[in-house]
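2 protein chains.
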Amino acid sequence: MKLARPLQHVIDSFQRLPGIGPKSAQRLAFYLLHVPQEELDSFASSLTNLRKNTVECSTCFNVSETDPCVVCSDPKRDKTIVCVVEQPIDILALEKMGSFHVVYHVLHGRIDPLNNVRPDDLRIGQLAKRITNSEYPIEEIVLALNPDMEGEATCMYIVKKLRAAGSPVRITRLAYGLPTGASIEFADEITLGRAMEGRREY
Amino acid sequence: MKLARPLQHVIDSFQRLPGIGPKSAQRLAFYLLHVPQEELDSFASSLTNLRKNTVECSTCFNVSETDPCVVCSDPKRDKTIVCVVEQPIDILALEKMGSFHVVYHVLHGRIDPLNNVRPDDLRIGQLAKRITNSEYPIEEIVLALNPDMEGEATCMYIVKKLRAAGSPVRITRLAYGLPTGASIEFADEITLGRAMEGRREY
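For the record, the sequence lines run as chains C and Y. For the first sequence, position 189 matches number 400 in my numbering, and the numbering has no gaps at all. For the second sequence, position 86 matches number 297 in my numbering, and the numbering has no gaps at all.
Because the hints were derived from the structure by calculation, they are not lab data. Heads up, none of these hints are tricks.
Since copy identity is lost for identical chains, a pair holds within one copy or between any two.
PhoX-like, lysine-lysine: derived pairs with alpha carbons at most 20 Å apart: (1) K290 / K307; (2) K213 / K307; (3) K263 / K213.
Whole structure, please, built from the sequences with the hints as guidance.
The structure is reproduced here in structure tokens:
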């Protein structure tokens with residue numbers, strides 16, 4: 212039996228999304244059959260408008276409705292500290308801390324030669340320029356990239372690049388160690404090694 | 212920090228779907244920022260057209276592009292056996308067997324007083340009528356409802372209803388027992404009880 216084509220189209224659309232397999236896509240599509248037409252229309256228009264009604268902030272390259280974005284135009288932010296992240300979604304997680312009112316710089320990826328992402332594909336050059344041309348003196352760059360191979364290679368590259376340009380800015384990275392709630396019994400050896408290396412005195 | 216509204220709309224739309232929590236909705240919305248506009252438009256139109264371009268088959272009440280649906284109009288189907296299911300998605304699972312070429316009847320739910328679903332909300336009356344008025348004599352009704360409280364109460368109701376109408380049709384249900392790959396060690400007592408009750412001789 213072949214499924215009705217309109218149903219199959221919805222299944223196909225969902226299946227293209229990351230983390231949604233054939234079974235979930237089917238379940239979602241059949242669920243939507245019971246949803247009022249207005250809700251389907253509103254879902255549809257949210258999708259068509261997603262890219263049309265957003266821009267990249269020309270300062271921090273975060274996704275935004277306005278340029279500069281709400282963060283860059285917020286007078287209460289400490290603009291001397293720039294936190295560098297891989298993706299806009301990382302900013303969401305950092306903002307949840309609630310206590311760290313700095314500005315951001317979105318690289319839109321990390322150096323990943325296996326997937327053909329080179330330094331020039333990222334907003335690294337723009338970061339260097341931003342440091343030089345900023346109206347506020349930028350004192351610290353906090354590298355908040357994912358603690359994996361590609362993330363660390365990207366950090367190394369940024370540090371080298373900024374130092375080569377003679378920038379005197381302080382460059383830091385997030386601490387590595389045990390996450391809250393972890394148990395030493397189940398921690399992997401790399402995490403434990405880093406936690407030991409970064410141990411602090413009472 | 213507030214998210215850009217177009218992004219928040221997409222997150223809200225995804226979050227309304229079953230099984231998609233706030234984190235997954237965020238991940239999907241941020242993913243879609245990187246997708247070409249044509250793909251967003253095609254996703255959007257698949258949603259608006261889902262209900263507009265589908266109908267319920269007037270014979271079996273399955274979702275379909277045409278009335279009668281592809282199953283009901285298929286001359287190779289054994290129309291003397293009608294398999295009754297709760298939802299259109301159940302037909303997908305049954306069709307995967309590949310060896311059971313019968314026709315279906317979709318109830319669109321099951322009797323569930325706690326959620327205010329009464330027998331009249333389902334296509335039970337239409338099933339009785341279908342048996343009486345069918346051009347092919349219907350010989351067997353296979354009740355393929357979910358093996359839980361509501362599913363079984365609905366089966367009981369259908370059996371009573373058809374018998375009260377004096378229908379001589381054979382009414383069966385799917386077998387209950389151990390699913391393939393299950394281990395007796397971890398099977399629950401109800402499943403084991405049913406497997407024992409339905410034991411078969413070699």
